[in-house]
Amino acid sequence: MRRYFGRKLLIYGLTFFVAVTVNWMIPRFMPGDPVASMVARANVTRPEAVAAMQAYYNNLFGFDQPLWQQYLNFWAALFRGDFGLSIWLFPTPVADVITAAVPYTLGLIIPSVLLSWVVGNWFGAYAARRKLLDNTVLPIGYVLTATPYMWLAVLLAWGLGVLAGLFPVAGGYSFSLRPNWSWDFFLDLLHHWTLPFLSLFLVALGGWAIGMRNMIIYELESDYSTYLAALGAPARLIRRYAFRNAVLPQVTGLALQLGVIVAGALVTEIVFAYPGLGSLILNAIKNKDFFLLQGTFLFIVLGVLIANFIIDIVYVVVDPRTRAGMAGANA
Amino acid sequence: MTALQEVAPREREGVRREALYFAVRNGKLVTGFAIVFALLLLGLVGPLFVDASPNEYGPQPMSPPGGEHWLGTTTFGQDIFAQFVHGLRSTFVVGVIGGGIAAVIGMIVGFVAGYLGGIVDEILNMLTNIILVIPTLAVLLVINAYLGIRSVLVQGVFIGLTQWPWAARAIRAQTFSLRTREFVDLARMSGSGTGRIIAREIAPNMSSYLFMTFILLFGGSVLIASSLDFIGLGPTEGVSLGLMLQNANQWSALQLGMWWWFVPPGAAITAIVGALYVANVGLDEVFNPKLRET
Amino acid sequence: MSLQVSELRVHYRTLKGEVRALDGMSFELADGEILGLVGESGCGKSTLGKSLIRMDGRMHHVGGRVVLDGRELPIADDRKMNDFRFREVSLIPQYAMSALNPTRKIRRMVTELLRSRGTTVDAAELERRMNQVGLPREVLDRYPIELSGGMKQRMVMVISTLLDPSLLIADEVTSALDVSTQKAVARALLGFRDSGYVKSMIFVTHDLALTHHIADTIMVMYAGKLAEKASADVIVKAPRHPYTRLLLDSLPEVGVRYAERRLEGIAGSPPSLLDPPKGCRFRDRCPLAGDECAEEPPVVEIAPAHHVACWKA
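Residue numbers (the working numbering), protein chains in the order written: chain A, 231 to 561; chain B, 246 to 539; chain C, 829 to 1141.
Source of the hints: derived by calculation from the structure; they are not laboratory data.
This structure is a prediction, so every number in the text was calculated from the model and none was measured.
Each hint should be verified, as a subset may be incorrect.
With the C-beta cut set under 7 Å, the calculated list includes, among others, these residues of chain B facing chain A [as the list claims (entries may be wrong)]:
| # | residue |
| --- | --- |
| 1 | N374 |
| 2 | S471 |
| 3 | S472 |
| 4 | Q495 |
| 5 | L499 |
| 6 | V523 |
Where a beta carbon is used, it is the ideal one built from N, C-alpha and C, also for glycine.
Input sequences plus hints: build the corresponding full structure.
Given below as structure tokens:
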């Protein structure tokens, strides 16, 4: 067990190291003079922001220092939680801007991922090897999983928002309200949350249903299923075993899909002007706020790594073989 | 989606003929490829029939689909059909470049790691796993934001460079199971070099698998490119389906009820990627007899 | 009479047409008898084994009957056949190493399987039988991945015979094992018969030498048909069908120096069962073939319990 998690943590540690290094390298090894070109491209009108930007870049890049010193400084700043100041929301620290946006993104991603995974697996398993259902679930699943997240979001916003007028199509809450702990505000929040959630949920749902359907077909063809059938076991038992075994690769699949899901959440937020990380990125790009962009990048990488580690733990819990193998290895 | 079955080496000639027999009778495969080819053809031929350059401002803004502008115009009077057919081209270019580069890197890493094993495998596997967990879009965001990607081609290259890890992992696993087979042993004993064994013995035995991997990478590249375009980090020159969606969103096509602006590009992406996925299932059924409906 | 198979025909559906894997097989199997079923791969022996318990999707029953203990087996009806499976006919599959669900502990899997068939596990009996094949009771609390290949194989043997079936089909159970394990498995199967866990057994294999150790009767198949059937000793010492003789000649013998006596396979290959030739199917490879072989030889009982399908026998 220690070996397994040790290895995983090593990989995640290295990944974070690589991500930070890439983040450090990109502005430095870009062609041309980064400070000049960024200040020029930033197009910021507020003079105090321009001055701050220049100061920050010079300070951060520290071109008078050797490269290794610059690199170490970068890490040191990181550990202090210092991502620099946002240009767009000058002079708010990048860390604060991100912390304010993260709850919205997590509030979208976590329910939509978990629900789509559960419902999708259930649909897929149920449809497999049942002709009629298979022939409907499969095409619908493929269309959903091939849909660009933002397009489904746009369609839902147009159909259920603009045309039907059932849901608001922009923002995390109504402009007339101030965030507070009241019941009204919560309902308003939920109202704004529904469409972005629904579009994320639907696109992801298709992928899980198809994945499960394909996995379970392989399991139903496997030797242990054939053996049970030869001993006259009812289809119900065989399917139950197949499902149990087919779920395992789906757990691994969840880890592999995290990147895609995060990407989907970002563009969905942009469509609905939802105040999460996606909208931050859009504004960072519009305002050439590179500190904010890089901070968000590191934050996303960190979040994905943590999610990966949680999935690793879950996998050990659900696959008895990893535990059995580990017990054997320790003994 | 990426659940491809293990491939078993069989007599190649017979398998090829049998595969062809099932291929032309597989509804999923035929329908999928038919849709993709139809859209590819539209992208290739379409621009020849449109006089309007896709980004040129026209005199009739915001007109719905009709005789003069088949798919209507944008708020700036740009012809949406012209943008659409040019955008299709970009989509296929990004798919081929991104999917192709990712497939090549994935194959090299996967073959070498799976065939050589040992320390080489350890290192390559570590590298693959590291890049695998970094969210692709996030990396591309930072790269594109700094470099300011100009052309569709460069966009495809960067997508290809970041998308290969899962393919490498899958190919490595396949190679691993093939390298101990008798025909590979035989080639090794008869003195063939590593490169030759991989190219002559291993790759042909998983050619169908490799093709299916490429299809999935193609679809993935198209989707990532459209997301990048939508965020505003698309190519600064040219048109793409993702950029059309971005413009529609940016200029409030939704609130103005200009459905003809945002429906076609999204529908085309969905159709291309979805049709490829469905064709992929068809291919899987053709190459894995177990999956055929009995 | 335990098992009577008469004129059984089972075909495979393929692209190129019907493959006649079993083309009119008739034989009988007595209570307590172990029948060794041998032949080259593709001769239909595995098809016969599968037909008696569960046909796969591409197989279909064309004609003939199978009667077990006086009751006809509905072999073409997958659903009706369920009543007979496990209780009357059981199987030790070729893939015994991978036949156990990898994510269930053995005890739980056995319990759930038996419950699904409407019975319960007699724990004492189960452990006694495991003991008989040398499996400690702790195995029940393990996952299959924790067992060795041989242990999994023996566990499957115990599970398959738990309901004391009348007929047990052992399909190539020894092909994946090394020689010493093969002997142990063969002994265990004999023990099952002697303890009355199974009444009769069909031991499908391509290994004539091993069959001789455990089978009472040996049946040789060729191209979907019966070639010769007689007691094990007669088949080995006084075979009458030229195919059986060639099979025996191609076996290596212990103590024989091969420099002096070259091992020979049988020249040529079996005919395609898509469109089998008229007359004797072994004719093209037979050293004795003559004009009469253009007509199909019937199965004749040339001596008590010795059946041969050959004009020259």
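Practice item. Could you work out which earlier hints the structure fails to respect and list their numbers in ascending sequence? Key: Number 4 - this is the single hint that the structure violates.
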